[in-house]
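> Top line first, the protein sequences correspond to chains D and A.
Basically this note's numbering = 1-based index in the first sequence + 12.
Basically this note's numbering = 1-based index in the second sequence + 12.
For the record, the hints were derived by calculation from the structure and aren't laboratory data.
Some hints could be false.
[Stated by the list, open to error] Restricting the straight-line Cα-Cα distance to at most 35 Å, the calculated cross-link-like pairs of lysine-lysine (DSBU-like) are:
id	chain 1	residue 1	chain 2	residue 2
1	D	Lys23	A	Lys87
2	D	Lys64	A	Lys52
3	A	Lys43	A	Lys31
4	D	Lys14	A	Lys64
5	D	Lys22	D	Lys65
6	D	Lys68	D	Lys22
7	A	Lys87	A	Lys64
8	D	Lys76	D	Lys64
9	A	Lys65	A	Lys22
10	A	Lys14	D	Lys14
11	D	Lys87	A	Lys23
12	A	Lys22	A	Lys59
13	D	Lys23	A	Lys22
14	A	Lys87	A	Lys65
15	D	Lys68	D	Lys52
16	D	Lys87	A	Lys64
17	D	Lys76	A	Lys52
18	A	Lys52	D	Lys22
19	D	Lys43	A	Lys52
20	D	Lys68	A	Lys43
21	D	Lys23	D	Lys52
22	D	Lys22	A	Lys14
23	A	Lys52	A	Lys68
24	A	Lys43	A	Lys22
25	A	Lys14	D	Lys23
26	A	Lys65	D	Lys23
27	A	Lys59	D	Lys23
Quick caveat, the model's predicted, so the values are computed rather than measured.
Single-letter residue listing:
Protein chains: 2
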Amino acid sequence: MKVSAIITLKKDVLDPQGKVIQQTLDGMGFKDVNEVRQGKYFEIDVKENDPKKAQKIVEDMCNKLLANLVIENYKIIEIQ
Amino acid sequence: MKVSAIITLKKDVLDPQGKVIQQTLDGMGFKDVNEVRQGKYFEIDVKENDPKKAQKIVEDMCNKLLANLVIENYKIIEIQ
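Assemble the whole structure, with the sequences as input and the hints as a guide.
Put into structure tokens, the structure is as follows:
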């Protein structure tokens with residue numbers, strides 16, 4: 013199954029990269045932007061046909077490698 | 013409104029970063045992984061209360077700045 017996960021910075025963590033993108037957008041004429049925050053997206057194809065088990069495996073990967081839980085959150089957004 | 017977009021490499025474009033993550037996962041004991049592909053995630057808060065208009069604005073941003081349409085696709089996944 014293909015499991016999609018997004019990893020975002022926690023709410024109170026500064027996102028300088030997002031800030032730069034916001035400034036660039038502003039310079040291009042997109043004036044009405046309150047905030048831009050950037051995150052990571054992973055699409056992981058695991059050899060597991062049970063959606064719940066596949067989700068568990070990817071959550072495990074996020075906990076152990078993909079996300080830095082001190083400053084980041086992860087969310088599984090799709091399993092197919 | 014907050015619009016969430018993901019940007020992924022097109023299907024036929026190699027993803028060396030995803031490959032490295034897959035190898036690392038393999039080394040950590042996650043043996044049953046067919047493929048890992050990495051992408052970007054953006055959460056953009058625009059001053060626009062109409063969901064359709066907000067989506068249009070962010071699609072415009074993706075076309076002009078956030079995505080490289082030669083090798084990447086973008087998808088709006090959430091508007092709230």
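> The structure should be examined with respect to each hint, and the outcome stated for every one.
Verification of the hints:
Note on lysine 23 of chain D and lysine 87 of chain A: the hinted pairing holds, with a Cα-Cα distance of about 23 Å set against a maximum of 35 Å. Distance check on the hinted pair: lysine 64 of chain D and lysine 52 of chain A sit about 25 Å apart at the alpha-carbon level, within 35 Å; holds. Using a Cα cut-off of 35 Å, the hinted pair lysine 43 of chain A and lysine 31 of chain A holds, with the two alpha carbons roughly 13 Å apart. Taking the CA atoms of lysine 14 of chain D and lysine 64 of chain A, the gap is about 29 Å. The hint holds against a cut of 35 Å.
About 26 Å separates the Cα atoms of lysine 22 of chain D and lysine 65 of chain D, which keeps this hinted pair within 35 Å; it holds. Between lysine 68 of chain D and lysine 22 of chain D the alpha-carbon distance is near 22 Å, which keeps this suggested pair within the 35 Å criterion. Among the hinted pairs, lysine 87 of chain A with lysine 64 of chain A is consistent with the structure: their alpha-carbon atoms are about 14 Å apart, no more than 35 Å. Distance restraint check for lysine 76 of chain D and lysine 64 of chain D: the Cα-Cα separation of roughly 18 Å lies within the 35 Å cut-off, and the hinted pair is therefore satisfied.
Proximity of lysine 65 of chain A to lysine 22 of chain A is assessed by CA-CA distance (about 26 Å); at most 35 Å being required, the pair is judged to hold. A distance of roughly 26 Å separates the Cα atoms of lysine 14 of chain A and lysine 14 of chain D; the hinted pair therefore holds under the 35 Å criterion. Taken as a hint, the lysine 87 of chain D and lysine 23 of chain A pair is honoured in the structure, with Cα atoms around 23 Å apart against an allowance of 35 Å. Of the pairs offered as hints, the one joining lysine 22 of chain A and lysine 59 of chain A holds, with about 30 Å between alpha carbons and a cut-off of 35 Å not exceeded.
A C-alpha spacing of about 30 Å is found between lysine 23 of chain D and lysine 22 of chain A, which places the hinted pair at or below 35 Å, so the restraint holds. This hinted pair checks out: lysine 87 of chain A and lysine 65 of chain A have alpha carbons roughly 16 Å apart, not beyond 35 Å. As the CA atoms of lysine 68 of chain D and lysine 52 of chain D are separated by approximately 19 Å, the hinted pair is consistent with the 35 Å bound. This hinted pair checks out: lysine 87 of chain D and lysine 64 of chain A have alpha carbons roughly 25 Å apart, not beyond 35 Å.
Restraint check: the Cα-Cα separation between lysine 76 of chain D and lysine 52 of chain A comes to about 20 Å, which is no more than 35 Å; the hinted pair holds. Among the hinted pairs, lysine 52 of chain A with lysine 22 of chain D is consistent with the structure: their alpha-carbon atoms are about 16 Å apart, no more than 35 Å. With a C-alpha separation of about 23 Å, the suggested pair lysine 43 of chain D and lysine 52 of chain A falls inside the 35 Å cut-off, and the hint holds. Restraint check for lysine 68 of chain D and lysine 43 of chain A: the C-alpha separation of about 15 Å stays at or below 35 Å, so the hint holds.
The hinted pair formed by lysine 23 of chain D and lysine 52 of chain D meets the criterion: a straight-line CA distance of about 15 Å does not exceed 35 Å. Distance hint between lysine 22 of chain D and lysine 14 of chain A is fulfilled; the C-alpha atoms sit about 16 Å from each other, no more than 35 Å. Restraint check: the Cα-Cα separation between lysine 52 of chain A and lysine 68 of chain A comes to about 19 Å, which is no more than 35 Å; the hinted pair holds. Restraint check: the Cα-Cα separation between lysine 43 of chain A and lysine 22 of chain A comes to about 25 Å, which is no more than 35 Å; the hinted pair holds.
The hinted pair formed by lysine 14 of chain A and lysine 23 of chain D meets the criterion: a straight-line CA distance of about 14 Å does not exceed 35 Å. A C-alpha spacing of about 26 Å is found between lysine 65 of chain A and lysine 23 of chain D, which places the hinted pair at or below 35 Å, so the restraint holds. This hinted pair checks out: lysine 59 of chain A and lysine 23 of chain D have alpha carbons roughly 19 Å apart, not beyond 35 Å.
The structure is consistent with each of the numbered hints, conforming to all of them.
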